[in-house]
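Asks: Mind docking chain B on chain A? Use the hints.
Protein sequences, first through last, are from chains A and B. Residues in the first sequence are numbered from 1083 upward in steps of one, following this note's numbering. Residues in the second sequence are numbered from 811 upward in steps of one, following this note's numbering.
Hint data in this document are derived by calculation from the structure and do not stem from the laboratory. All figures in this text were calculated on a predicted structure; none of them were measured in a lab. Keep in mind that the hints are not guaranteed to be accurate.
[As the list claims (entries may be wrong)] Partner residues are not named here, just some residues of chain A that face chain B (Cβ under 7 Å, in silico):
#, residue
1, Asn1091
2, Leu1092
3, Thr1096
4, Leu1100
5, Ala1103
6, Leu1104
7, Val1107
8, Val1109
9, Leu1117
10, Ser1120
11, Leu1125
12, Ile1259
No residue lacks a Cβ here, since even glycine has one placed at the ideal position from N, Cα and C.
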Amino acid sequence: MSEPIREKNLYDETDRHLMAALQAVDVPTDVLSRLERSLQVALREQELLVSSSLAEQVPKVRPADSTLWNRRNAIAATLAAGVGGIVLGFRQLSQPLTQAQLVARTQDLLDQVQRTQWQTLTDSEAVAIKRSLQNIGFLRQVRSVSLARCIQLQPPRNIHRATAYDFGGKLVLLDLIIERGVQRISHSLSELPWSRSDTVAFAMSSEQRTLVFAGPASIRAHILPAQTT
Amino acid sequence: MNDDAGEGHLMVRADAPTADNAAIWTAEQRQTRTNQLLAINFEVVFRYAYRLTGCHSSAEDITQEVFLKAFKSIEQLRDPLAERGWLLAITRNEFARWCRLAATQRTTSTENDVADLVEGGESDLERRDWVQSALEQLPPEFRSVVLMFYFEQLSYTEIAESLSIPIGTVMSRLSRAKSQLKLCLDEIALPQQ
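Chain A with its partners taken away, still in its complex shape (with noise of 0.2 Å):
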């Protein structure tokens, strides 16, 4: 069987124009690297998801009364369970947290970060607090970051729980539950203290939840609307 002749277009000068303007989009230099190693990651958790459910994985690799797991775990539980569950458990105070003194906190707690001991987390669990944080839409790139481990803050008073998460490459995300949400987070750059130039962090909430990422911007997220009352 014989492949049918493919029609041929016909392209005068101004066709020609128009295609060469199309093609003509920068490609940034570091593309290629961040697709190989997103599928690379993508790769390693289709294996470790191919054979048997996450909830069906976890419990194989437990200690059995190792309390640092039970801990880790209950983190991956928690944020498996999605942002529902967590925001019925918040105490409404009176006051409500400003911006200014989120922004505080969260620079107090990122610093906290730095002098903290970090608990590795096994693939299975990374790859269930990732998938997490995408079901819930934070992060849409969650496949090209390698999540290596976590860590719980000592929050401050407004901050019912802190967790921190180490994607690598600098990149830090804390996920603050507020007990008293701030309506709306500026995402600005300009007005986060701790941005550099190497560095970008932002901020972002959604009722009572507040994710800040600190690292380098070649991880993004959706910001989800602010519920409005």
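Replies: Relative to the frame of chain A, chain B by itself:
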């Protein structure tokens, strides 16, 4: 060239499994083949995704998804000469999915690529990329036809079949879109060259 799944034109790698024996593709073979596709085609896929979305970060996301899809269904690519068209078709589908997802989640892209922030100002970007501005002024159904004709270089018939519209509609959309783009070409681009 045969349309059958004969071995002669199936894969670049001589040791790769054939389409008829897709089950024997190993993860390593898939990865190797996908990496080959990635190295050769990532730029054209990224450019196409950028023209569709008008946003570097979204283009990169879509490009990533395209190659993940390619990895999963690599056995469908029977003709190495068709790989560009195959990937661009996946790109188009991924863009459609991306649009649906954005509509349902009602999310806002942070658009916080460092590159986007530190590169030249808006006016410089607009001047340099006048065609993107012109594209975005076109209705989506016109934009699709333009990109399929100029970027994918598909024929009227192929566009009509792909979009399930009459060939006359393809021609009229293309004609009107081309008129608008030509105006931009004449008024914006050429005086600054």
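Asks: Would the stated hint for A/Leu1117 survive a check requiring a Cβ distance to chain B of less than 7 Å?
Replies: 6 Å, holds
Asks: Would the hint on A/Ala1103 stand, with a C-beta cut-off of 7 Å toward chain B?
Replies: OK, holds: A/Ala1103 within 7 Å of chain B, min 4 Å.
Asks: Does the nearest C-beta of chain B fall within a distance shorter than 7 Å of the C-beta of A/Leu1092?
Replies: 10 Å, violated
Asks: Hint A/Ser1120 vs chain B: min CB-CB distance below 7 Å?
Replies: Status holds, d = 5 Å.
Asks: Does A/Ile1259 hold up as a contact with chain B if the rule is Cβ-Cβ below 7 Å?
Replies: 21 Å, violated
Asks: With a cut-off of 7 Å on the beta carbons, see whether A/Thr1096 makes it to chain B.
Replies: 5 Å, holds
Asks: Does A/Leu1125 pass the interface check with chain B, least Cβ-Cβ distance below 7 Å?
Replies: Given a least distance of 6 Å, the restraint on A/Leu1125 holds.
Asks: So, A/Val1109 near chain B? Judge it on the closest CB pair being under 7 Å.
Replies: 5 Å, holds
Asks: Are A/Leu1104 and chain B close enough, Cβ to Cβ, to be under 7 Å, as the hint says?
Replies: 5 Å, holds
Asks: Mind checking the CB of A/Leu1100 against every CB in chain B and telling me if the closest is under 7 Å?
Replies: 6 Å, holds
Asks: Under the criterion of a CB-CB separation shorter than 7 Å, is A/Val1107 in contact with chain B as hinted?
Replies: 4 Å, holds
Asks: Let's test the interface hint: is any C-beta of chain B closer than 7 Å to that of A/Asn1091?
Replies: Hint holds; A/Asn1091 Cβ to chain B Cβ min 6 Å, cut 7 Å.
The structure shown violates the earlier hints numbered 2, 12.
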